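Number of protein chains: 2
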Amino acid sequence: MQRYFVSEEKLVLDQVTIDNGDYHHIKNVMRMKTGDRVYVCMMNKKTYIAAITSFTDKEVILRIVEEVEDIVEMPVDITVAQGIIRREKTEEVIKRITELGATKYQPVIMERSIIKISEKENRRNERYQLIAKEASEQSHRTRITEINNCIRFDELLKLRVKYDLCLYAYEESGRKNCSTLKEEIKKFTGKSILVLVGPEGGISPKEVSLLEEHGFIAIGLGPRILRTETAPLYIMSAISYEIELGEKNEN
Amino acid sequence: MQRYFVSEEKLVLDQVTIDNGDYHHIKNVMRMKTGDRVYVCMMNKKTYIAAITSFTDKEVILRIVEEVEDIVEMPVDITVAQGIIRREKTEEVIKRITELGATKYQPVIMERSIIKISEKENRRNERYQLIAKEASEQSHRTRITEINNCIRFDELLKLRVKYDLCLYAYEESGRKNCSTLKEEIKKFTGKSILVLVGPEGGISPKEVSLLEEHGFIAIGLGPRILRTETAPLYIMSAISYEIELGEKNEN
Chain A
1 MQRYFVSEEK
11 LVLDQVTIDN
21 GDYHHIKNVM
31 RMKTGDRVYV
41 CMMNKKTYIA
51 AITSFTDKEV
61 ILRIVEEVED
71 IVEMPVDITV
81 AQGIIRREKT
91 EEVIKRITEL
101 GATKYQPVIM
111 ERSIIKISEK
121 ENRRNERYQL
131 IAKEASEQSH
141 RTRITEINNC
151 IRFDELLKLR
161 VKYDLCLYAY
171 EESGRKNCST
181 LKEEIKKFTG
191 KSILVLVGPE
201 GGISPKEVSL
211 LEEHGFIAIG
221 LGPRILRTET
231 APLYIMSAIS
241 YEIELGEKNE
251 N
Chain B
1 MQRYFVSEEK
11 LVLDQVTIDN
21 GDYHHIKNVM
31 RMKTGDRVYV
41 CMMNKKTYIA
51 AITSFTDKEV
61 ILRIVEEVED
71 IVEMPVDITV
81 AQGIIRREKT
91 EEVIKRITEL
101 GATKYQPVIM
111 ERSIIKISEK
121 ENRRNERYQL
131 IAKEASEQSH
141 RTRITEINNC
151 IRFDELLKLR
161 VKYDLCLYAY
171 EESGRKNCST
181 LKEEIKKFTG
191 KSILVLVGPE
201 GGISPKEVSL
211 LEEHGFIAIG
221 LGPRILRTET
231 APLYIMSAIS
241 YEIELGEKNE
251 N
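Top line first, the protein sequences correspond to chains A and B. The opening position of the first sequence corresponds to residue 1 in the numbering used here, with each subsequent residue numbered one higher. The opening position of the second sequence corresponds to residue 1 in the numbering used here, with each subsequent residue numbered one higher.
Some hints could be false.
[Said to hold, decoys possible] With a straight-line cut-off of 27 angstroms between C-alpha atoms, the simulated DSS-like cross-links for lysine-lysine are:
hint, chain 1, residue 1, chain 2, residue 2
1, B, 158, B, 191
2, A, 89, B, 133
3, B, 89, A, 89
4, A, 191, B, 186
[Stated by the list, open to error] Computed footprint of chain B on chain A; a stretch qualifies when at least three of its residues, placed anywhere within it, have a C-beta under 8 angstroms from a C-beta of chain B:
hint, region
5, 108-114
6, 149-162
7, 177-190
8, 237-246
[Said to hold, decoys possible] Estimated spans, in silico, between C-beta atoms of each pair:
hint, chain 1, residue 1, chain 2, residue 2, range
9, A, 152, B, 187, 46 to 52 angstroms
10, A, 122, B, 49, 44 to 50 angstroms
11, A, 212, B, 213, 52 to 58 angstroms
12, B, 213, A, 66, 38 to 44 angstroms
The hints are simulated quantities; they were obtained by calculation from the structure and are not laboratory data. Only a predicted model underlies this, so the values are computations on that prediction, with no experimental measurement involved. All residues carry an ideal CB built from backbone N, CA and C; glycine is no exception.
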């Protein structure tokens, strides 16, 4: 069954309206008829099965049939923050971490980012959001990974208070005898985690000091050097493995 | 320090010769001189620090200074087998799983592969091998992920006896109440694992029966549907997390 993401104001009592691209998709691509059913995912809220009751020129009208239990979302909110990297790499990261269940992607302007940010970059957000939407649909998620606008590094530091745990992936972790992702995830009991991954050039010593001062914890991701676009996939996969996979056919 | 992968016959007593592309790289790109040191990784064997003793027209001659302890390779050999997928996706998978420490990549001709294999495909192997070499260097590995030629599905089944454990990622795992990657990895005590991931269209019911008959174990990778090019990254990251990351600053 097809799934469509719908914003909250489109649901009135038990009636949902779908317009724009999804209207076109239902009517002309899928050629659905009155009575056909789809999944309707309210943005970051509940998911329903809904049946088509009618079509107008611009909208499909559906009626909610039943609520669906959400079993595909991670039980913990994970925000991947990353120093700004090239557009193609950003798109790749967004696609993969969406499949892997991330809640948010937060680009950060960092000292060693090769890409200098301009107003144009934030206009790309629309495209990034679309990639996240498609990846969410493809992986049968009931939420779409939120793509935030770029923020400055000092704004990132202030986010510390909004999360139960803030981590940063640190290449020199082996030398500095710091914690590992495993150690932090195993003892974690909260609801929200932010993990920062540096840009291609890594995190600068000055940024490391600031992160430490603000209560971000350095973690290692194993003995090999991971590219900046691979580290988020490692983190998301490992967290899913730790908290989502059962050990005795629970899954 | 730069690292170069060298085949075994290039090491005679304590002397190593480097030619072709790496010769050019040492001499003209890095502009190294006599006395400069590099890492020399013998293909899938030991790693040494070696010092340049002289240059000829076509070769650099080096002398081994000391052996280096290998701490970057996974303690378990992991082969990722995958139904044949499009070239760009294959390249992406090879790049990422090399960074993540895979030993081998084994493409398999499967029922639902969209791509039909031709002789040309195996000629791509040279290009794939180069991608693996570059990714190995970039992630500071001491081994290069081996890229095998495509094999038929019945040949894959025969590989069972060569591995301590053979798994396949199964989308319907939730419904069939089967094992999870976690369950299998936690109880694993052997040396080598093969994990099969289907092509875009998935693994056919007939293939599933054959896999089961031959002792391949179905595993789930969590509640979301992962693309065929994402599943290998999940598997490699999760295995690394389980067996490589320490919990009490061991790492």
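Against the structure, the hints:
For the hint pairing residue 158(B) with residue 191(B), the CA-to-CA distance comes to about 18 angstroms; that is within 27 angstroms, so the pair holds. Pair hint residue 89(A) plus residue 133(B) holds up; C-alpha atoms about 20 angstroms apart against a cutoff of 27 angstroms. Annotation: proposed proximity of residue 89(B) to residue 89(A) holds, straight-line Cα distance about 14 angstroms (limit 27 angstroms). As the CA atoms of residue 191(A) and residue 186(B) are separated by approximately 26 angstroms, the hinted pair is consistent with the 27 angstroms bound.
Closer than 8 angstroms: that is the beta-carbon criterion, and the region 108-114 of chain A has 0 residues meeting it against chain B, so the requirement of 3 is violated. Coverage of the region 149-162 of chain A by chain B is violated. Counting CB-CB distances below 8 angstroms, 0 residues qualify, and the rule asks for three or more. Counting residues of the region 177-190 of chain A whose beta-carbon sits less than 8 angstroms from any beta-carbon of chain B gives 8, enough to reach three: the coverage restraint holds. Counting residues of the region 237-246 of chain A whose C-beta lies closer than 8 angstroms to any C-beta of chain B gives 8; at least three are required, and the coverage claim holds.
A hinted range of 46 to 52 angstroms for the beta carbons of residue 152(A) and residue 187(B) is consistent with their spacing of about 47 angstroms. Range check, residue 122(A) to residue 49(B): Cβ separation about 47 angstroms, and the 44 to 50 angstroms hint holds. For residue 212(A) and residue 213(B), the Cβ-Cβ distance of about 55 angstroms falls inside the hinted range of 52 to 58 angstroms, so the restraint holds. Evaluation of the 38 to 44 angstroms hint for residue 213(B) and residue 66(A) yields a pass: the beta carbon distance comes to about 40 angstroms.
Of the numbered hints stated above, those contradicted by the structure are hints 5 and 6, listed in ascending order.
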